[in-house]
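S.K.: Note that the protein sequences, when read in sequence, are chains P and G. Numbering follows the numbering used here, in which position 62 of the first sequence is assigned residue number 76; successive positions increment by one, without gaps. Numbering follows the numbering used here, in which position 45 of the second sequence is assigned residue number 1074; successive positions increment by one, without gaps.
Hints in this document: simulated from the structure, not taken from any laboratory. None of these values were measured; they are calculated from a predicted model. Heads up, the beta-carbon is just placed ideally off N, CA and C, and yes, glycines get one too. Hints are supplied without guarantee of correctness; some may be wrong.
Dumping the calculated BS3-like pairs for lysine-lysine here, alpha-carbon to alpha-carbon at most 27 Å [stated by the list, open to error]: (1) P/Lys15 - G/Lys1084; (2) G/Lys1093 - P/Lys113; (3) G/Lys1095 - P/Lys56; (4) P/Lys113 - G/Lys1095.
Incomplete in silico selection of chain G near chain P, CB under 8 Å [claimed, not checked]: (5) Thr1061; (6) Ser1072; (7) Leu1073; (8) Leu1075; (9) Thr1078; (10) Ile1122; (11) Thr1135; (12) Gln1136; (13) Phe1138; (14) Gly1139; (15) Pro1140; (16) Gly1141; (17) Arg1143.
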Amino acid sequence: KQEVTQIPAALSVPEGENLVLNCSFTDSAIYNLQWFRQDPGKGLTSLLLIQSSQREQTSGRLNASLDKSSGRSTLYIAASQPGDSATYLCAAPNTGFQKLVFGTGTRLLVSP
Amino acid sequence: GAVVSQHPSWVICKSGTSVKIECRSLDFQATTMFWYRQFPKQSLMLMATSNEGSKATYEQGVEKDKFLINHASLTLSTLTVTSAHPEDSSFYICSARDLLVDFTDTQYFGPGTRLTVL
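Isolated chain P, as found in the complex (with noise of 0.2 Å):
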């Protein structure tokens, strides 16, 4: 059964600050992993989707790379902004179906 972790659970930079955050997943035979978006109260954004036949993905300030074989995937927001509060979510496939296992996110508070 799939699990996905996130660390840290929250952080706290000041505008500008390059940041990482990660997420890892004990089932490394995934076909592919996404990052998304979540502000308060709100639905999911997809930021990114790594197949397993890449390492990473780039989108704007926005880098996901993917270690399957140690089972972490991280995504680096360069130059960071107060706008990109929220709490990102990574999400994994459960070994041999179509479910997604959400990760316990990360809350980002950028501060002007």
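Position chain G relative to chain P; hints supplied.
M.R.: Then chain G, alone, in the frame of chain P:
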């Protein structure tokens, strides 16, 4: 493209009543839809997987008689919370997979429905 809507966005009801939440894929056909529940400051937990034209598959611990799911068409799935109680108050989010690009396994998420049971 790949937009998923939910209705209503929020609902308040009295204990003992039933509430229906709709999930629609607006610009694509979805063979599979998923229903999640999220309690405050917690992550999303999968409740059930809904396949068009067949019975939903519920996760362990989710009461199928309490959370009725109907996936009657390729663009609509409904979740009915029957005899709702205050402990059912939560944020309910659906997602859908695109039939034409199913191989990517991408799920598109709705904006969520906030249910408050008094």
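S.K.: Could you check if G/Gln1136 really has its C-beta closer than 8 Å to a C-beta on chain P?
M.R.: holds, 6 Å
S.K.: Can we keep the G/Pro1140 interface hint, with Cβ of chain P closer than 8 Å?
M.R.: Since chain P brings a Cβ to about 4 Å from G/Pro1140, closer than 8 Å, the hint holds.
S.K.: How about G/Ser1072: closest beta carbon in chain P under 8 Å, or not?
M.R.: holds, 5 Å
S.K.: Hint validation: G/Leu1073 versus chain P, beta carbon distance must be below 8 Å. Holds or violated?
M.R.: At about 5 Å, which falls below the 8 Å cut-off, the nearest Cβ of chain P leaves the hint on G/Leu1073 intact, so it holds.
S.K.: Can the hint on G/Phe1138 be confirmed by a CB-to-CB distance to chain P that is less than 8 Å?
M.R.: With Cβ-Cβ at 4 Å, under 8 Å, it holds.
S.K.: Are P/Lys113 and G/Lys1095 close enough, with their CA atoms no more than 27 Å apart?
M.R.: holds, 21 Å
S.K.: Using the nearest Cβ pair, does G/Arg1143 come within less than 8 Å of chain P?
M.R.: holds, 7 Å
S.K.: Take a quick look at whether G/Lys1095 and P/Lys56 sit within 27 Å of each other, Cα to Cα.
M.R.: Distance of about 25 Å is within 27 Å: holds.
S.K.: Taking 8 Å as the limit, does the beta-carbon of G/Leu1075 come near enough to a beta-carbon in chain P?
M.R.: Because about 6 Å separates G/Leu1075 from the closest Cβ in chain P, which is inside the 8 Å limit, the hint holds.
S.K.: Should the hint that G/Thr1061 touches chain P count as held when the rule is a Cβ pair under 8 Å?
M.R.: holds, 6 Å
S.K.: Hint check: is the beta carbon of G/Gly1141 less than 8 Å from a beta carbon of chain P?
M.R.: Nearest chain P Cβ about 4 Å off; hint holds.
S.K.: Once the shortest beta carbon distance from G/Thr1135 to chain P is found, is it less than 8 Å?
M.R.: Nearest chain P Cβ about 6 Å off; hint holds.
Checked against the numbered hints above, the structure breaks none of them.
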